[in-house]
Amino acid sequence: MKHRTFFWFFLPTGLAMLLFIALPIVSVVIQSVYAPHEAVLKTVENCTPLVGCTTETTIDQDATRDIREAQPLGRFVGLDIYLDRGHLAVTEVGEAWAASASMGGFIDRLFNLPLYRALAFTLTFTFIVTPLLIVFGLMIALAVNSLHSRLKGLMIFFSLLPMIVTPLIGSLILFWMVDSRGVIGSALVALAGDPDFSMKASTGLTWIMLIVYGVWHSAPFAFVVFYAGLQTLPQDQIEAAQIDGATRWQQIKYVVVPHLMPLVTFVALIQLMDNFRVFEPVVGFNASAHATSLSWIIFNDLGGETRQLSAASATSVLTIIGVAILLSPVLVRTWRDFKGK
Amino acid sequence: MAEIQLRNVGKRWGSFVGVDNFDLTIADKEFLVLLGPSGCGKTTTMRMIAGLEDATEGDILIDGKKVNDLEPKDRDVAMVFQSYALYPNMNVYENIRFPLKVRGIDPATHDEKVRRASAMVELDDFLHRKPAELSGGQRQRVALARAIVREPNVFLMDEPLSNLDAKLRVSTRAQIKNLSHELAVTTIYVTHDQIEAMTLADRVVVMKQGVVQQLGSPTDIYDKPANTFVASFIGNPAMNLMDGTMSGGTFEAENVRVEGLHAPDGPVTLGFRAEDAGLGDAGHHEITAPIYTLELLGDATMVTVRIGGELVAVRAPKDFRSEIGDTVSLSVPASICHLFHAETGARIEA
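Here the protein sequences come in this chain order: A and B. Residue numbering for the first sequence is 462 to 802, as defined by my numbering. Residue numbering for the second sequence is 548 to 897, as defined by my numbering.
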């Protein structure tokens, strides 16, 4: 394609990408290096005949409003927000390193810092849920694919239900189920023989609960992609493998999975991104005491009266960098394949 | 080594009959070709032997052992597919090694077996390549090597040459013939190409709509076709067939009169092969008709006339020249003629 033709062909897409992807990112980056203006204080001397004169420090509302209107972005602070305690906490990490006698102690102190605590759960969630949902998605796809054609439609519908249910509602339903009065919760109480047993009270069990929810919610996406891929599997390759002596497991390992590998990469990419931005289950399960995520921090910063826009922006930029790092191996490989062609 | 018995084997899908009452014993080390047009049931028969398709009725026995209920991997057969069916993610070496690997054969022997198989099909220089980097002929040779590497009891080949161009088809056919001779393994080969059938087979089964039409050696099939279907399917060009009437040992049709035949009086179909007939002269000619078309083949000239709506071709010397529309006399002596029942198409033996 000629450069000129390509330019006109790409222009609408390019404009949309600029408007809806690049501009918001740039605005968030800019916002993250500006902090809100501090209130302008003024000292006023009040003199009364009985008490005498006293000085009083108050907020100069007019001056504060003027400076905020003059510089609505706030004041430029460079990377200060990124480095503060709520984010990368460079000083606190340095102190923790100096004060800790062992790696375990250092990690304990690190996890007291909000960003690192959120990062620990986010990465654990991402790297456990993503492979599990791929494996479960593939298993469901293989099972449904081997069903009689009359049953397939029904099974596909049921398999897709977790994905159809809104994430927040889905997580709430599971949350009620694990409640001590819920089906799973009361069963676990009976199983543990401890009337005070509560999944929600334990950090470990809360993480497991969120991970199970993550797999339950996302496996249908992997299933539907793999099921579509299975429809393009050349039947003669499977038959050749059968005659060559491959067991059912070997047919899956040597024929089916290699055929689906491009789709596995696709699902892994999408789900790595999705799981790194885990948010709804943390809210739905009311689990923020035990598990916070980067997205939850952003939500938390923006909530309440304080509305820390700059802090939320800095966490957003760190999330974007995190997603880019996660996807970089696949993106580099895709680029190499492209250059190799 | 194995003898294969098919005892009244049939395959039905609802009311549709794919294969009907197939009864045959294939001798140990025999090269049997299943020949017929698309949809005749030849591939279905092979797939039933392989275990890829369940027989609706009848028994399949390999070396006297009933295999109807055995999985394909337990029948000790190897199969070459029309589409090659190579594993695209594995290189040639791994493709050939695959049956050894999945069957748990001693890994120490793999390399030697793979290299021996690849040498037999002249693939030594391509072992590191992926199937996508090979030509059609090379891919089919990989499929052959994968079939021979574990020395199975039976080879099944499903139109292995169909996807190759004409020149490659000839050389690969020769390679298959040579391999078959060297390995001496019972082989069942499916094709719709009668030249492949004639050149490769010890015996040929001609099929039509799931029913066996004739079983015999290539010579039998060619020289004594059992019916008009076999007669018109075997040979290039196909046997000339014309409808006429038999009366007192003489066959008569429009522009045709052949004497000295032995068949009951009444309507019959007469057939003869183009290469058996020739140009006639003033004293000896059975057909006199205007030339419909002339085709120069290089080593001969094919003269075609039209008899009762059917085209009848005769092989003439290569230097024969004439014009379309000119009248030509053709010699079709009784000794080269085949007679078939006009209604059933069955051969009438003299």
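Honestly, I wouldn't trust all of these hints.
Stated by the list, open to error - Think about it this way: if two alpha-carbon atoms lie no more than 27 Å apart in a straight line, the pair counts; the simulated DSSO-like pairs of lysine-lysine are:
#	chain 1	residue 1	chain 2	residue 2
1	B	K620	B	K648
2	A	K800	B	K648
3	A	K714	B	K660
4	A	K714	B	K677
5	B	K677	B	K612
6	B	K648	B	K677
7	B	K648	A	K714
Simulated from the structure, these hints should not be mistaken for laboratory data. Since the model is a prediction, treat every value here as computed from it, not as a measurement.
For each hint, the structure was consulted:
The straight-line distance between the Cα atoms of K620(B) and K648(B) is roughly 13 Å, inside the 27 Å bound, and the hint therefore holds. For the suggested pair K800(A) and K648(B), the alpha carbons sit about 35 Å apart, so the restraint of at most 27 Å is broken. Taking the CA atoms of K714(A) and K660(B), the gap is near 23 Å; set against the 27 Å cutoff, the hint holds. Simply put, K714(A) and K677(B) have alpha-carbon atoms about 18 Å apart, close enough for the 27 Å limit, and the pair holds.
Proposed proximity of K677(B) and K612(B) is contradicted: the alpha carbons are some 38 Å apart, above 27 Å. For the hint linking K648(B) to K677(B), the alpha-carbon distance of about 18 Å falls within 27 Å, and the restraint holds. Proposed proximity of K648(B) and K714(A) is supported: the alpha carbons are some 13 Å apart, at most 27 Å.
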